[in-house]
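Take these sequences, add in the hints, and give me the full structure.
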Amino acid sequence: MRWRRSSGLSRRRRFGCLPILALTVAAIVLVSAIVLRPQPLPQAHSLPASHPRIEIAHLRPVAAFASIADPQARSLALFEEAGRVIQHPRCMNCHPRTDRPTQTDAMRPHTPWVARGPDGGGEPTLRCSTCHHDENFEPSGVPGNPKWKLAPIGMAWQGKTLGEICRQILDPARAHMGREELLHHLAEDELVGWAWHPGGERTPAPGTQAEFAALIKAWLDTGAKCPA
Amino acid sequence: MPYSLSVNGQVHSIDEDGQTPLLWVLRDTLKLTGTKYGCGVAQCGACTVHVDGQPMRSCSLALEAVASAQIVTIEAVEGAETKAIQDAWIARDVPQCGFCQSGQVMSAVALLRAIPAPTDDDVDIAMSGNICRCATYNRIRAAIHDAAGVLGSGRS
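Sequence order for the protein chains is A and B. Okay, so the first sequence: first residue is 1 according to the working numbering, each after it adds one. Okay, so the second sequence: first residue is 1 according to the working numbering, each after it adds one.
Think of the hints as simulated: they come from the structure by calculation, not from any bench. Any given hint might turn out to be false.
Unchecked claim - Which bits of chain A does chain B cover? Going by a derived footprint, with three or more residues having C-beta under 8 angstroms, they are:
id, segment
1, 103 to 114
2, 120 to 131
3, 138 to 144
The structure presented is a predicted model; accordingly, all values stated were derived computationally and were not measured. Where is the CB? At the ideal position from N, CA and C, for every residue including glycine.
See below:
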């Protein structure tokens, strides 16, 4: 055989193809066995909700304030609790200090760029009713109420402290209503009531309209004290 | 029970859920596809139609809420204001991609019917709910003024 060296010379050990092929196959089998060994399936993890869960906040009932002996301090505490509703975005968004409403919990400027118009229901050529109707409309997410409009500019709340709002709603010149009417408005008005049933993914005002009205009545009955 | 819906002067019997947006009824049921679906959340104005003469967003209007109303879409809006707006739109070559234009025209016609000689502020207020992603706003405003001018010269 030509490839054999002549006898007498030291022979170098050589590997044929078969051992190399066998080693390669063995390596592949080993790696495959490691990679493909039976393993537990990954556990399913729930994805975070695409929209944050709506937080339902509660109001403290009037009875919770009975332990405050001083009527003035109790009146103040009652109004501060009611103020959690008054200063909630569902209410504040339509009590702007300009002619433009705000929207969302972040109280960003309303889009489209609308204005209050002569009656609070929008400009004659871009009424609120262009989009807002008698009910919340789930397919588009647009809120609605038969009375949908902005509060009068005299009842602007945005940018004011709770004390300033308190004195404002007690001032008939600005509120255009006395205390009886004020209580009726806050307790019975259906547009006020929308704040607890805003639809879509909007955060409702804390508590219920009845609980809010009870706080307002108790506040009025205890002298209607205002925060500083 | 089917709803009886008056669209463009014709009464249609619509057997759909009462909460179906009017836009779906117009496009899918009546095949009036001139009214466009833009955003579906009353933000863009592409779906504007006239409901008893008032411009409204049909994506945010329930079928059951308009069953007794007179609805007019871009396919049938007519009258002097419409003609003036159409002519001005063509003369100014207002549309770019054109998708929002049926809504723009419906709002512009309603504006001229309410305010025959609008100022820039009037135009901005009335048209601010109609979004144009090609930003043809300057041409839209100019075309509305042109149309108002034509209508005004016709009256004088």
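Verification of the supplied hints:
no.	hint	result
1	103 to 114	holds (count 4)
2	120 to 131	holds (count 8)
3	138 to 144	holds (count 5)
This entry satisfies every hint, going by the numbered hints stated previously.
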